[in-house]
Amino acid sequence: MYLSTIDRPRAGGWKGVSANVFALGAVSLVTDVSSEMVTAVLPLYLVVGLQLSPAAYGVVDGVYTGATTLLRLAGGYLADRTTRRKAVAGFGYALSAVAKLGLLAAGTSTALLGAVITADRAGKGLRTAPRDALITLSTPSGDLGRAFGVHRAMDGIGAFAGPLVALAVLAAAGESFDSVFVTSSCVAALGVVILLVFVRDHRSAVPATPVRPSAVVELLRDRDVRRVVPAAAVLGLATIGDGFVYLLLQKREGLAIGWFPLLAVGTSLVYLLLAAPMGALADRVGRLPVVLGGYAALVAVYLLVFGPLGGLPLVAVVLVLYGFFYAATDGVLMALAGPVLPERLRATGIALVQSGQAVAYLGSSVLFGLAWQFWGPETATRLAACGVVLALAATAVLMGRRA
Amino acid sequence: MSGLPVRARFAVTAAAALVLAGVAVGYTALSSGPGGDVVAGAVSGPRLQVLGNGRLSVVSRTDPSAPREVTDQRCDRAYAAGGTIACLRPVGPLKAGGLAVLDSSLRELRTVPLTGFPNRARVSASGRMVAWTLFVDGHSYAANGFSTSTGILDTRTGALVTSLEEFTSTVDGSVVTAADRNYWGVTFAADDNRFYATMSTGGHRYLVEGDFAARTVKALADDVECPSLSPDGTRIAFKAAVGGDPQRGWRLSTLDLATMAVTPSAEARSVDDQPAWLDDRTIAYGVQRGDGVNDVWVVPADGTGSPRVLVPEANSPAPL
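Chains as they are written, first to last, in numbering that gives the first Met the number 0: chain A, 0 to 402; chain B, 0 to 319.
It should be emphasised that the hints constitute simulated quantities derived from the structure, not laboratory data. Any given hint could turn out to be false.
Claimed, not checked - Which residues of chain A face chain B? A partial, calculated answer using Cβ under 10 Å:
{"hint": "1", "residue": "ALA172"}
{"hint": "2", "residue": "SER178"}
{"hint": "3", "residue": "CYS185"}
{"hint": "4", "residue": "ALA188"}
{"hint": "5", "residue": "LEU195"}
{"hint": "6", "residue": "LEU219"}
{"hint": "7", "residue": "ASP223"}
{"hint": "8", "residue": "VAL224"}
Said to hold, decoys possible - Quick list of the computed label-pair ranges, beta carbon to beta carbon:
{"hint": "9", "chain 1": "A", "residue 1": "ARG211", "chain 2": "B", "residue 2": "ARG6", "range": "40 to 46 Å"}
{"hint": "10", "chain 1": "B", "residue 1": "ASP71", "chain 2": "A", "residue 2": "LEU163", "range": "42 to 48 Å"}
{"hint": "11", "chain 1": "B", "residue 1": "SER162", "chain 2": "A", "residue 2": "ALA110", "range": "36 to 42 Å"}
No residue lacks a Cβ here, since even glycine has one placed at the ideal position from N, Cα and C.
Bound conformation, chain A alone (with noise of 0.2 Å):
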């Protein structure tokens, strides 16, 4: 199968946006309001509540980036190899609901903190590449822009709502952090439920040659996986992380740390209206005409951060692009790369380009953070700005030459 041709699908409808896509997005959704309530005061509980330094509070929260990279590379192998996305899946996601309650039992303790957040971690890496094969399973590959764009979208309401929802219960709670604990515990049960009930396995005949963990050899001596796996990982290389953007736009323009929150909010607002949109537009114009359109947004957000803009408009025009960037990279890389994987090892498959990506993406990160040090944020953007370029450059070569 030829990239070009993948890369330009013929025109679907959203008819082949099938109930099980529905159906994982519905849980996505309701998962996503669980993490991101958690996600939303985890920095105000460990600095404020528990009062732990921020170099504990760095420990804490850099122990479990690895753990996820190599549990999703597992949980993909493991929903290939047994056929069970479903199973995987629903692990993962039950794992994450419990670990929500762990963080009461571990108090102040830094080492068991660490250790439940890298459990809630894992289970996000467990589920993420098995349902994303479910996704791309239950789709024609023609509209699997659509599919992931709907199933982002759903998953972003889940996002844009979580912090509300946590600042709802700590409005009602007397600001409690262990109600918003134990509420997030329980909107992630109902996710695994939904999950039981709802989402049906796309089960095949479990092969009659099993899938060995050589299964990831095989991928990559395939010609077209190994455009895909580099230039994900190389534009993961060019992304320096949310974290950041949103620090120095609260650096220049001195927001108050109130904001801080919001702005995770109004990227997520931009995303989820525009991700069914931006898929549906990747199966008509071509999948990777839009994921470069993304990219060529970020490049844009780099560059703003200390550009001429400044005060309100430049925080819009930032999280406007910043969310369209997500809505135009982040289901749409996935409807690219699914159909170059093979049936029988698409999980592993859509693992491997998401691990790719993560790496990277931990490693720019670092980068980025050393950068910022030694030459000053200024700087250090627009080396960030430069390389999304290079990366941008890099992935049209790999992705859109004819195999």
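Following the hints, put chain B in place on chain A, whose structure we already have.
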């Protein structure tokens, strides 16, 4: 379960949602109940304002274990003098912190929104001038480089200096403009214009004397942190970094401003607080226990005697 008829699937989901919502709402309702069980009562005789469990409270100086007057005011740091109370309100999940200036009957005279984690608060003896220090970046000693923001409010004229970095600072007569300047721990002289504070730059932590009207500060001595001027204006109580290295802790000491002679107090433990003079002979300060709870201790200022607990489970002492 995805084999069930659609109606049954919705029923199962709705039932699960009800049960889970019940758990969440029940837990939230229970945790919003009232808390706190401090023995409250009227205080007579010489009085001391403290923070007990984060609440602005008043205790008897002669009988600190007697019932306390506990108010609804929550502060992370507080000080009071001349009928003015400075309360640095804590940062909460739903609200930013800031400075609240209250009169002695707790009426709110003025609030100043501030961003950062409360660290020091002071009021001049007349009650006119209010100063505060916040950690703004790193906000902890844990990270090697921390950053503070120190401001002063003149409650009579409303003049507000949000950062002492706006002032012209000199060391040995030459102007210092280094970006690493940090100020903390202001204490006011009786004229409501002069003040003392700590300025750190280039690895030194200077005692600086400031002039609010002239907007200047000048360095007087090195290795003097968190100064506190005695009521008679002759001495400064402060924390002296052991061997000039804060990593080794601080020794509570006094400095005679006429002779610049330093006298270590009998308090041998490391004290990380801005001391407060209860009178011309006694200084009070907070010491944190292993479990994070503070006690207010006192020690004679002249290096004699020994430290003792004045008010258990309290911090931010200020004589009223």
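Status of each hint after checking the structure:
1. ALA172: This hint holds: A:ALA172 lies near chain B, its Cβ roughly 4 Å from the closest one there, short of 10 Å.
2. SER178: Result: holds, 4 Å to nearest chain B Cβ.
3. CYS185: Given a least distance of 4 Å, the restraint on A:CYS185 holds.
4. ALA188: holds, 6 Å
5. LEU195: Since chain B brings a Cβ to about 5 Å from A:LEU195, closer than 10 Å, the hint holds.
6. LEU219: A:LEU219 check fails; min Cβ-Cβ to chain B is 34 Å, beyond 10 Å.
7. ASP223: violated, 33 Å
8. VAL224: Violated: closest Cβ of chain B sits about 31 Å from A:VAL224, beyond 10 Å.
9. A:ARG211 x B:ARG6: 40 to 46 Å: holds, 43 Å
10. B:ASP71 x A:LEU163: 42 to 48 Å: violated, 28 Å
11. B:SER162 x A:ALA110: 36 to 42 Å: About 38 Å separates the Cβ atoms of B:SER162 and A:ALA110, which means 36 to 42 Å holds.
Consistency note: the structure conflicts with the earlier hints numbered 6, 7, 8, 10.
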